[in-house]
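> Letter by letter, the chains look like this.
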Amino acid sequence: MSLLSSSPEYSAVERRQYLQKVSKDRFGRRQWYSRAYITGASALLLVCVLPLFSIISQALSNGWQFISWKFLTTPAAIPNLMDKNAVGGIVTPLEGSLTVVGCALIISVPIAVLLAMGLFEYRNRFMNWLEISLSTFIGLPSILFGLFIYAIIFNVKLGYAGIAGSAALALMMIPLMTIQSLDALRAVPTTLREAGVALGLGRFSIMFHILLPGARARIFTGVFLALARSAGETAPVLFVIGMANSASLSPFSQQTTLTTFVYQLLQSPFPSQRNECWAIGLVLITIVLVFNILGRIVLARANRIK
Amino acid sequence: MIGLQDQVVNNGGTRGKTPGTAEVLYRYVLIGIVSFAVLVFGYFVVQVVQSSFNGFQTAGLHFFSDTIWNFPTLVSVWPLICGTLVTSGLALLLAVPLGVAASIVIAFVLPRATRVVATTAVGTLAVVPSVIFGVWGLTFLTHWSSYSAEPWLLSTFHNHWPFNGIPRGNGILVGAIVLGVMVLPTIVAVTVDVFTGLPSDIFEGSYALGATKAQVIRKTALPASRKGIIGASTFALARAMGETVALATVLGGTHYNNYPTSLLAQGATLASTIVSSFGGGFGSETSELYSLGVILLVLVFIISLIARRMVNENVAAK
Amino acid sequence: MKKIFKPSVVLTTSVAALMVLGAAPAYAKGTTATDATNSKVIKTANSGTKIFLGGSSFDYPFVSAVESAYTQNSNNASWFNAYSSLNSLKGRESVINAAYGNSDINQNIGFTDVPLTYDTAASPTDASLLSGASASVSDYAQVPITVGGIGIIYNLPAFTGVNASVCQTLATKNPIILNAKVLAGIFNPTPTITAWNDSAILALNPKLVIKSGTKKAPIVEHCLSDFASEAITTEVRTLDSGTSWMFSNYLRTANAATNSSAWPTTLDMGNSGGNANSGVLATAVSNVNGSIGYVEASYALINSLPTARIVNSHGNVVSLSAGSVAADAADAFSAIGNNFGIDSLDHFTLANATGAKDYPITGVSWAIVHKSQTNTNNAIAIAKFLEFLTRVGKGYGQNFASLNGYIQIPASLSTYAQAQIASINVNGTSALSSTN
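As they're listed, the protein sequences go chains A, B and C. Heads up: the first sequence at position 193 corresponds to 178 in the working numbering, and the numbers run straight through without jumps. If you want the working numbering, it's the position in the second sequence, counting the first as 1, plus 10. If you want the working numbering, it's the position in the third sequence, counting the first as 1, plus 5.
Everything labelled a hint here was simulated from the structure, so no lab data went into it. There's no promise every hint is true.
To be verified - Examples of chain B residues lying across from chain A (beta carbon under 10 Å, computed):
#: 1; residue: 46
#: 2; residue: 48
#: 3; residue: 109
#: 4; residue: 116
#: 5; residue: 119
#: 6; residue: 120
#: 7; residue: 194
#: 8; residue: 314
#: 9; residue: 318
Virtual Cβ for every residue (Gly too), placed ideally from N, Cα, C.
The following block holds chain A by itself, in its conformation from the complex (with noise of 0.2 Å):
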């Protein structure tokens, strides 16, 4: 680069020789080669993004007809032949992912931060893995926790509800957000750690006035994102919180979330139906949408603090 400036040490003879040398190179083999194999990369990442506009695409042409403060304040209907499109509304999920998720966090952020706090202060051989088991964790099949709870639902002879869905949700959360709680806690630099050992305070009043302060923000992302991720799991809940008769916000009652009543849906003949899938799908990625972007608001204001 240097030589292209009009620098003393390289008479002009070398510099014309130079830039002839740089300009025949932008013409040449290799540079043709790199400029496919960039365009070719780029058409790639335009056939990744296809799927998403597809996805949005349909949901809005199919589902968007029927989005309305009605859909969402009024029961489902059964459409029939004498009324192909009666689909009515979708308040009895909507309650019934409102608890079952509610529930879910209510049970598991406790229980998370004070497992990461637990991991944060004492560290051994146990610990160490205890948090490499919980790693593996987050990546089990979802299905296995809705397996677990329906055996216990069977072996103390519980009947269906909507807290056996959110203690499965729950365990499934309780890995994720565990370690991104620990991460959090540990981010926090030693010398505030040490500034609160100097001052001769106990291991609580650190972690209480000094660590979780400092690692609030990105906890709550991390729960931010593991309820996302749980709003949209159908697996784990669909055997345990039974069919709910009406709308209700109980936990002890049998519930449907969104995602069972989408997975019902499409087993039915009517095309109606199908449909309104979409528009339930325009709703539950709405709502995954807003906890996400929630999260990053919350990390992003917290590294901007900081």
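Since the structure of chain A is already known, use the hints to place chains B and C on it.
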């Protein structure tokens, strides 16, 4: 330094002070929670395994020696394992080249603003719930596949294996496409992280030698990130093997399955069979599904360990 | 609890009258539950497990339409789960050994297209089911609830070639005509008719031709011969399906009557890998070009799929409609007379009818309940619902039949049904006689 701190802090008191009640409570609460978590997750594994005993017993030797899954009378697990491996493998075959190519462009080629747009576009796929992928697969992909894609494949390859069979729309091919789309954002995200984490001096050295962009990418970036990409792919594999609902709607295999004979054939995976064959009750039939769950657990666990080992090697090597 | 195939839980909107199958008009304008008859309202609300309704996908559109009208009353709604569309075997299993539905067989109503012990193709067979539960056929009340026709749905490949658009119009106006022998050849597990341009199919469809040329040298080109390489893809149900059984019955009877060996009398329709229920089969046919399948008429209507016209035993070409199905039922039941029952196949099958306007692929579908109930309120709820379902009259269940692709059961069947329902008892006292 940490060790010194621990000695000093020592459960809540500096030297000479007795720990306050908050500290003592704190310690017991943490021990309690950790024990509780260990118990619960341990019980999880124990219960699932225990519920599968009945199934293993009922299915008997057929479980591992036969070749047909005909729930609930004659069950063998091999067609399902084959289906799982085939769909996940095909999904990776589709997703890894696409994902790596997309990450190359995102990390090395795009200017900053477009990079954010592209990352968001690919990352939003990760946000879509899996049941919506099932809806997309069932309503859109199967129609596209049975009317356009599969007839085109049949005519182009002249019915040669593996592109032979009846174009039904659902089947292994569409299942692999749906799975590939689902794991794509994970691969892209991790690969972009790996690329941006590479030390820039290796690039500067290549550019100084006069390499073109493609040469730099191919000869320095890719080899340096190979382990990271393989680790990401293995994590993606574990996730793909556990995918349940989207495949249950799209694969089309009912309670009777043999080895899938071609890409256009229908099949089933371990997870999708558990969901679609679940009948209720807690008898021997349900227990057979728990057996499938145990096999799935073992498979995913092994693959996760392998992935972790690879990623750790990559980290340690740095 | 079988949730996989349940439709959404209901409180339906009011019902509009429509003529659907092109024959006699029928009309229900919402139920006015102010009636004095006691089967429209169950007086005691349910506080326990809801009754499981499920089984045959043949009945699903009809029973779920009736159920949604019945459960407009909130007391009634507290008693019943939504209908689970599975297959006939699972309907029977739910009542014999509670393999589906609730764990107490007394809390399940199973719907099946074939009464107990007549389905020998399903696995497990009815005989083994009964012996496993130490029960016998007489322990169950088998209530005929509806009569419906099976439509042969098909999805023709796209016409190519010069006359494509003309052929397309012709094919839309003239649905394919098939007869029992051709159907047997298509659906046989080792099919003898494998392509749409088979000569037997061409011979049956003389209207799908394009005539050109001169009067002295006419050129007649058959549209279906366009499909030189288009194989017929048969979509079938599993062996547990009652629709398969009904279709097999027709193929057996019709082919035996013409001395054709195309369908052996011991052969049963369906295979292990078939479609799980009629809804799935209908979707499969609409997705696969060149496919053919068999579903109850309402599924053809829901998915707007064309149904083939059948050459009946009289030699006439009949299309599937409420009129032709009703004619077949009328002829068959007048031949059966007062002998209607499940004691012999001839006493409930509709495949023997030989009237001029009969649509031959028709059958009766049943609801099975365990006769000796243990809980009085449960028994009353079940009996009332079944009575509502099988009663002909304004505002009752049978009114929903023709709106949904079925026909009303004739008076003889209704009487038989009421007798069966009366046999549902708790400790000897008939459930319906209670004043609840």
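> Minimum Cβ distance from residue 116 of chain B to chain A below 10 Å?
Holds - the Cβ of residue 116 of chain B comes within 10 Å of chain A, reaching about 7 Å at its closest.
> Quick check on residue 48 of chain B please, does its C-beta sit within 10 Å of some C-beta on chain A?
7 Å, holds
> Take the shortest C-beta to C-beta distance between residue 109 of chain B and chain A; is it under 10 Å?
7 Å, holds
> Can residue 120 of chain B be said to touch chain A, with a Cβ gap under 10 Å?
9 Å, holds
> Taking the least C-beta to C-beta distance, is residue 314 of chain B closer than 10 Å to chain A?
Hint holds; residue 314 of chain B Cβ to chain A Cβ min 5 Å, cut 10 Å.
> Mind checking the CB of residue 46 of chain B against every CB in chain A and telling me if the closest is under 10 Å?
8 Å, holds
> Against chain A, is residue 318 of chain B within 10 Å by beta-carbon distance?
7 Å, holds
> Taking 10 Å as the limit, does the beta-carbon of residue 194 of chain B come near enough to a beta-carbon in chain A?
Hint holds; residue 194 of chain B Cβ to chain A Cβ min 6 Å, cut 10 Å.
> Minimum Cβ distance from residue 119 of chain B to chain A below 10 Å?
Residue 119 of chain B check passes; min Cβ-Cβ to chain A is 6 Å, inside 10 Å.
The earlier numbered hints are all upheld by this structure, with none contradicted.
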